[in-house]
Amino acid sequence: MRSLLRCTRFLCALVALGAPVLAQEGTAEINTGDTAWVLTASALVLMMTLPGLALFYGGLVRSKNVLNVLMQCFLSAGIVGLLWILVGYSLAFGTGGSLIGDFSKVALSGVTMDSVSSNFATPPRNIPEYVFIMFQAMFAIITPALILGAIAERMKFSVWVAFITIWFLVVYCPIAHMVWAPEGWIFKSGAIDFAGGLVVHMSSGFSAMVTALFLGKRRGYGRESMPPHSLPLCLIGAGLLWTGWFGFNAGSALSASPLAALAFLNTGTAASTAVVAWAAVEWFHRGKPTALGGATAGVAGLVAITPACGNVSPLGAIYIGIGVTVVSYTAVTFLKPALDYDDSLDVFGVHALGGAWGALASGIFAVTYGSGINGNAQQVMVQLKGILFTAIFAPVVTLAILIVLRLIFGSLRVTDEDEVEGLDFSQHGENAYTA
Amino acid sequence: MRSLLRCTRFLCALVALGAPVLAQEGTAEINTGDTAWVLTASALVLMMTLPGLALFYGGLVRSKNVLNVLMQCFLSAGIVGLLWILVGYSLAFGTGGSLIGDFSKVALSGVTMDSVSSNFATPPRNIPEYVFIMFQAMFAIITPALILGAIAERMKFSVWVAFITIWFLVVYCPIAHMVWAPEGWIFKSGAIDFAGGLVVHMSSGFSAMVTALFLGKRRGYGRESMPPHSLPLCLIGAGLLWTGWFGFNAGSALSASPLAALAFLNTGTAASTAVVAWAAVEWFHRGKPTALGGATAGVAGLVAITPACGNVSPLGAIYIGIGVTVVSYTAVTFLKPALDYDDSLDVFGVHALGGAWGALASGIFAVTYGSGINGNAQQVMVQLKGILFTAIFAPVVTLAILIVLRLIFGSLRVTDEDEVEGLDFSQHGENAYTA
Amino acid sequence: MRSLLRCTRFLCALVALGAPVLAQEGTAEINTGDTAWVLTASALVLMMTLPGLALFYGGLVRSKNVLNVLMQCFLSAGIVGLLWILVGYSLAFGTGGSLIGDFSKVALSGVTMDSVSSNFATPPRNIPEYVFIMFQAMFAIITPALILGAIAERMKFSVWVAFITIWFLVVYCPIAHMVWAPEGWIFKSGAIDFAGGLVVHMSSGFSAMVTALFLGKRRGYGRESMPPHSLPLCLIGAGLLWTGWFGFNAGSALSASPLAALAFLNTGTAASTAVVAWAAVEWFHRGKPTALGGATAGVAGLVAITPACGNVSPLGAIYIGIGVTVVSYTAVTFLKPALDYDDSLDVFGVHALGGAWGALASGIFAVTYGSGINGNAQQVMVQLKGILFTAIFAPVVTLAILIVLRLIFGSLRVTDEDEVEGLDFSQHGENAYTA
Amino acid sequence: MKKVEAVIKPFKLDEVKESLSSIGVQGITVSEVKGFGRQKGHTELYRGAEYVVDFLPKVKLEIIVKDDIVQKVVDAILKAAKTGRIGDGKIFVLPIDDVLRIRTGERGGDAI
Amino acid sequence: MKKVEAVIKPFKLDEVKESLSSIGVQGITVSEVKGFGRQKGHTELYRGAEYVVDFLPKVKLEIIVKDDIVQKVVDAILKAAKTGRIGDGKIFVLPIDDVLRIRTGERGGDAI
Amino acid sequence: MKKVEAVIKPFKLDEVKESLSSIGVQGITVSEVKGFGRQKGHTELYRGAEYVVDFLPKVKLEIIVKDDIVQKVVDAILKAAKTGRIGDGKIFVLPIDDVLRIRTGERGGDAI
Ligand SMILES: Nc1ncnc2c1ncn2[C@@H]1O[C@H](COP(=O)(O)OP(=O)(O)O)[C@@H](O)[C@H]1O
Ligand SMILES: Nc1ncnc2c1ncn2[C@@H]1O[C@H](COP(=O)(O)OP(=O)(O)O)[C@@H](O)[C@H]1O
Ligand SMILES: Nc1ncnc2c1ncn2[C@@H]1O[C@H](COP(=O)(O)OP(=O)(O)O)[C@@H](O)[C@H]1O
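Protein chains in written order, with my numbering: chain V, 1 to 435; chain P, 436 to 870; chain Z, 871 to 1305; chain B, 1306 to 1417; chain S, 1418 to 1529; chain C, 1530 to 1641.
Warning: the hint list may mix true and false statements.
[Claimed, not checked] Here are the simulated DSSO-like cross-link-like pairs (lysine-lysine), alpha carbons at most 30 angstroms apart as the crow flies:
#	chain 1	residue 1	chain 2	residue 2
1	B	K1339	S	K1489
2	B	K1377	B	K1387
3	S	K1451	C	K1601
4	C	K1611	C	K1531
5	S	K1496	S	K1451
6	B	K1377	B	K1322
7	Z	K1158	B	K1377
8	B	K1339	C	K1563
9	S	K1489	C	K1595
[Said to hold, decoys possible] Below, a sample of chain C positions facing chain S; criterion: calculated Cβ distance under 7 angstroms:
#	residue
10	I1557
11	T1572
12	D1604
None of these hints come from the bench; they were simulated from the model.
A quick note: this is a predicted structure, and the numbers were derived from the prediction, not measured.
Cβ atoms here follow ideal geometry from the backbone N, Cα and C, with glycine treated the same way.
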C-alpha cells in the first residue's frame, strides 16, 4: 500500500498511490471487483502467518521447541487480531497527528456497513471500510510474529505475550500511522512503502535484533549443532508465504487494477530471481545449493520487493531480487558470525536488511514517485529518511519495552533446565511428536 | 448464508438476508466481482476439508491411524462431491416442500450457463447458479467429514463409506433445505443461520456424539495414553481452517459486499478472541496454555461465529468468542470425563455445543434480524426452535442409520487386533511413515 | 484457457473460447471482477507448485531424497519464473508464426499498465496484460516441475537445473504457442485445450517418460522396497493441488463468468468422481482402498478434466472422471510392471495418459466446439491430431536435450554412493529431519 | 547380576511394564526395534506395487536385576507378553559384570 | 548360546539379512543406531553455518545363535556387510545364559 | 574385552562423547531409548486430559573396550554424565567373547 497522496483531496497522479480516504457519507458506491480481491488478499495474508510463517519458523527449530513457535504465531493472531479491533486500527488509521492516530475509532466506533475506504485505482474507487480494516489487521498480525525468529528457543511464553502486546501498541501502530496514514509525517514526506518494507519488515527486523542481543544466545550456541528439525516443514512454510505474499503486495493496491497486477508481477519476479541468484551464490561459494537457502532466498526476495512492488518496473524487480541476495546472503553468512549474535532464524539478515534494501531500492528503481517527488535522486533521499528513522525508532522503543519487562518478569528467558528440556514441555506441557 | 427472505419476491430488507433466488430467464446479468469472490470462497472452503480438516484431525490421532483419517476426508470429498451433483443439490435446493427439496434438479437438469442465483447484496445481484452449486458443494463435503473426529481410530472404513453416503442424503440435505431453502420451515420461521451453525456444525456435532456412543470407546481408552501423534500437523490444519473459514463465512454473503466484509471481520475477530480467552483460561486453570488449546480455541471461535457472522456487530463477535471458550472448554474438560464418552477429537464439545452457542448468540447479539422478526427476544426464541430441532433430528436419524448399518455390517468397528495394529494397515494396507 | 477463436477479430461464438486479444490502445477498460478472479487464480496456481506439488512428490520419495524434490520445485519456480519474464512470455505469446512466438516482448518490452488482454467472457472483456502474464507464468512454472516425478531420487541437481532451463525454452514455449496463441497451428485447427491437457500434462508426462527411460532405474529398484516416506505429506499436497486446480481451470476462463463457473464445477466433479471410482476399483481388485490411491485418483481426475473443463457438461465431467480412473489405474498397475520402467512417481500413468484421455474426451463429450468445428466426431479428429503431435514432439525434443546434456555432464545421474546416501546430503549438504 | 532382554509386541509394553513394577522392578530401558523371525511380514500396497515388509515393529526391554529375582522377572514377562500367537517374542538372559549409578557412583547391587 | 551383535552400514541391511537367512538364521532383531568411530562425520550446511555431524547412521543387528554356528554367522556378516571402506562396522560376540520363547515358554536352544 | 553400556540423559551426550574421546576411546554406538526408573515421569496435557508419561527419553551408549581401560571409561562417563539429579542413569559392564572389524576382518583387541 501506499505512499503519498490522497487523490480526491490533492491531485490525481497518473499512478495513484494515495492513502485510502475514508468516506462515511453512506452513499458512496463500492466496486465489487476491488472488494472481491481485497477480501481474498486478506485471507491470503492470514495464511502467511497461519500456517505459513508458523511452519517456516517451526521447521527451523529443534523438535523440542516447535510447538512454542507455533503458539507464538497463534497468540499473535489472537492478541493482535483482537487488539486491532479494540484500539489498534484507531491508533494506526484514526486521524490523530503526524506520529500516531487517535481514539476516534476505538472498537470501530462510527464504522458502519456504509463506511468505505478509497483505494489506489486510477481514478480511485471504494471498498467497504470493514475490508480495509481486516486487510490491515492481517498485516498487524504478522509483524510481531516475525520477531519470534530472533528469540526462538529461549523466551518465556509469558514474556512473549506481554512483549507483543506492548510492542504492537507502541511500535507497530505508530509506524503504521507515520508511513501509511495521510497525516503521518513519513507519508507526507513522499516516501514509498507500497506494502510495508518499513512498517512490516524493518520494524520487526530491527526490533528482533535488539531483542536477540538483550536476551542472549541459546544455551550451547556455537558449541552444539542446532540443525532445523524439519526442513520440509520449513519449505512448505516458504511456499505458503510465497503464495500469500501475492495477497500482501498486490492486495495493497486495494483494488483489482493494473496497479495490483504490476505489484503481483513484480512480487513473483523478485522472488524467482532471488531463488536463482541465491542458489548460484551458494553453489559458487559452498559447492552446493541448499534447500534452506532456496527457502530463505524466496522469502528474502519477497521482503525486498514489498515496499517497491507498485512503483518499479519488472526489470527493477529483477535488480531488487539480485540485490537482496547479496545483502541477505552476506548478512547471514559473514555478518552474523562476525558480530556473534544469535538471531536464531535470521530475522535481521532477511527482514531487517532485506527490508532496508527494498526500501532503498524503491527509490533507486522507482518509475512512479511519491507525492511531490520529482526523480529518483530525490526519492532516494526521502527513502533514506524513512529507513533511518525506522532503524532507530523501532529498536530503541523495543529496548525500552525489554527493560520494563525485565523489571516485571525478572529474567525474560526460561530456566536453563527448561531450555534443555525444551520449551514445548516447559511452557506448554506438550510434546510435538509421539508415536 | 441466509436466513429469511427472498428479496425479489417479498420485500427488500435493509440488510438483505434472503435465500438466493434462482432466476432462469437467461437474460439476468451477473456481477463479476460477486462471482469472483464466491469462486474464491468455494476454493477456500474445499481447502478447509483438504487438507485443513484432514490435518487438524490427522495430527490428533496416533500415527497408526492417520491415513485412515485422511482417507475419510478424501472419500467425503469424493462421495459427497459426486452425489451433490447427481442428487444432493436438488434435494437441498430444489423447490420441494418445507422439509426437503425434490428431484427437479437431479444431475443439474435445467441448470445452464445462463442460470443465475440471486445473492445477499443490497439490492440483490446475480451470480451464475453453477457457482452457487459449487459453493454449496463444499459445505456438503465438509459436514460429514466433521463427524469423523468422534469415531476416529475404530470404525471400519466400509462402514464409514456407507455411513456418510446415507447420512448426507437423509440428514444433511433435509437440514440444509429446512434452514436455507426459501421453502424450508426453519428458514420461513425467520431463523438466522448465516453460514451454517445449525446446518453444518450442530448437525454434524450431534450426529457425531450419538455415533461415538453407539460405537463405544477405543480399546484402552482411559487406561493407555493416546497423545496426538503430531501436533504440528494439527496446528497447520487449524491455520488452514482459519484461512478457509473466511471463504466459508464471508462467501455466504454470495457477494463482494459490505455484508461479506462484516462477516469476514466478525469471523477473524471471534477466532482471535477465542484464542486469547482459551489461553487465559488454560493458564489460570492448568498453569500453562497449550498449543492444542490454541488450535482448538481458534476452531471453536470460528464455529461459534459461523451462524452469526452476518448479523452481529464486531463487539458481538467478541462476546461470542468469549462465550464459546467457556462452553467448549467446559465441555472438553469437565463434561467429557463426567459423561465418560470417547469423542476422540472433541466434535461434540467444539462443533455441537460451539455451534449451538453460536446459533443462540446469533439471536442474542443480532443487530439485523430474520424476516418478520422484530427484536432480539423474538429472534432468540426462533433460534431456540432451530437449535432444538437440529439437536433432536440429527442424532435420531443418525441413530436409525447406525442401527441399519449394524444389521448390514455386523460390527461397525474393526476387530480388536486391527485396532491395535492400526487402521492404516488394516483398512488401507499402508503405513504413514517409513524411513 | 482457450481454444479456437479470437472474438474481436472473427466472430463471437456463443461460448467464446478464443485466445486473448492483446489490445494496447491504452483506453480499453478492464473489468475488476474478472481481474480479481484471475489475480486469485494466479496465486492458487503458484500454490499448486509451492507447496502443493512439492509435497505430493516429496512425500512419495524416501526421506533421504525429500529435500532434493522440494528444491527441484523451488528451482523451477525460480528459473522458469525469471525466464518467463525475460523471454518465455514472448516466445509463447509473442506474435511469431504458427510454431513459436518471437522476441517482440522480450523483458516485457511494450507491456505497460495500460496493456490489456481480452478474455473468454461473452462478450469478451479485458483484464490487465500483467495479470495474464502472471497467470501464464504459474502454468510455465508447474509444467517442468511435473517431470521430476519420473526422475526423482537419482538425477544430479546440476543436470536438473540445465534440463528444465532448456526444456522450458524448446518444449514448453513452442507447445504453449502452438496450442494457445492465436497464431499457433493447433489453436487454428480448432483443438480444445481449455486449461492445458496438451500444453501442461501431456507435454510434461511424455517428456518424463523418455527421461525416466534415458536415466535408467533407481539402484535397487524392484529388489528393495521403496515405500513413500510420508504419505501424510503426499496427501496434504494432493489437497492443496485440488484447491489450487480450481484456479488453474476456472482461472483459464480469464473471467469471473459463467464459463469460469462451469469449469470450476466440472473440475470438482471430475476429481470427486475419480476418487470414488479409484477406491472402488482398488477395493475390488486389491481388497482395500489405499490412501495413496485416493490422492492419486484426485490428481488423475483433475488432470483429465483440465483440457475439457470449459467445453463439457457436468455429466461429461463424471464420465471423464470414470475414464481416467480406468486409464491411469491400468497404467500404474499393469502397464508399468509390464514395460518395466522406473517412473518413480507415475508421471506417465497419471499426467501423460490422464492428459491424453482428457484431451480425447474433450472431443467426445464437448458441448461447445472449437472454432470452425461442427460436432463431436470432427472435434475428436482435431483432438487426436493435437494429442499425436504432443506425444511425439515433446519426447523427441526431450531426448535430444538429454543427449546434449550427457555430452556436457557425462552421467546425468549421481554416483551410486551418492544415490545410496541420498540426494539430500550429496546434492544439498543437508538432512531433512533431525531431532 | 543379570541382564534380561526381552523382545515383545509393542502393544504389550504397558502390560509388561505394570507386571514388572508389581514385582518390584524399579528400572527398565526400552527401545524400538524391528524384528525378523518366524512371524512372516505383511504386504503393503503402494500404487499398485506390493512391498513385502519383512521387519515387524517390536519393542526391546532391558532390565538389570539381581540374580535371585531373574526367574520372577522372566515369568512376569512371559505371562504379560504372551498372546499365544506367533511373533510374541523372546527373552534372553545375559551375564553382567558390574553396575553403577551415575548420580551417586554406587556400585553393584545397590546401583540397580 | 551366544549373542552376535553387528553394527553395519544401513544400506547393507538387506544383503546381510538375506545372507543370514540363507545359512538358516531364523531370527534377527534390528535397531537404528548412530555410530561414532574412525569414519569421520560429514559437514552439513544450514544458512551459511556449518555443522559437523559426528554421528553417522548405522544399523545394529542382534542375533542369538547356538554355539556351533557362531562362526558361520560371523562369516556371513563379514562377507555381506563389507564394502572395504572405513565405517563398515563391527561384530561383537557375547555370552548368553538363557533364552526363552514367550509364545511357548520353550527354553534354551529350542527357543532360538 | 568388555562392553560398557551407559544409559544417560540425552543432553549429556556431547559432553560424554568428548570426555571419552579425550581418553582415547575411538568408537561408540549410540541409540535413543526410553527409560523407566525412579525418576518419575511428567504429565502432559491434551485438551483437558492429562497423560502421565512414564517413559523418559534417554540415550544409550555402547562401548567395547579392552579390559585395562574399563575403569577409565566408567570414570569418564560417571563424571561427564552426572548432574546429581535423579534420572542421571546407569552404567553396566558386560563380558565380551570376541570382536571383529568388518572392513579388515581383524579380530580381538585390534578390532576395537
Ligand atoms: N535368534 C534370534 N535372535 C535375535 N532375535 C530373535 C531371534 N529369534 C527371534 N527374535 C526376535 O523375536 C521376534 C519374534 O520371533 P518370531 O520367530 O517371529 O516368533 P516367536 O517368538 O513366536 O517364535 C522376532 O521378530 C525377532 O525380533
Ligand atoms: N569400540 C567400539 N565400541 C562400540 N562401537 C564401536 C566401536 N568401534 C566402532 N564402533 C561402531 O562401529 C562403527 C564403525 O566404526 P569405524 O571406526 O567408523 O570404522 P571401521 O569399522 O571401518 O573401523 C562406528 O560408527 C560405531 O558405531
Ligand atoms: N534396573 C535397570 N535396568 C535397566 N535400566 C535401568 C535400570 N534402572 C535404571 N535404568 C535406566 O536408568 C534410567 C535412570 O534411572 P532412575 O532410576 O530414573 O534414576 P537414577 O539413575 O538416578 O537412579 C532409567 O530411565 C532407565 O532407563
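List, from low to high, the hint numbers that the structure doesn't satisfy. Structure breaks hints 7, 11, 12.
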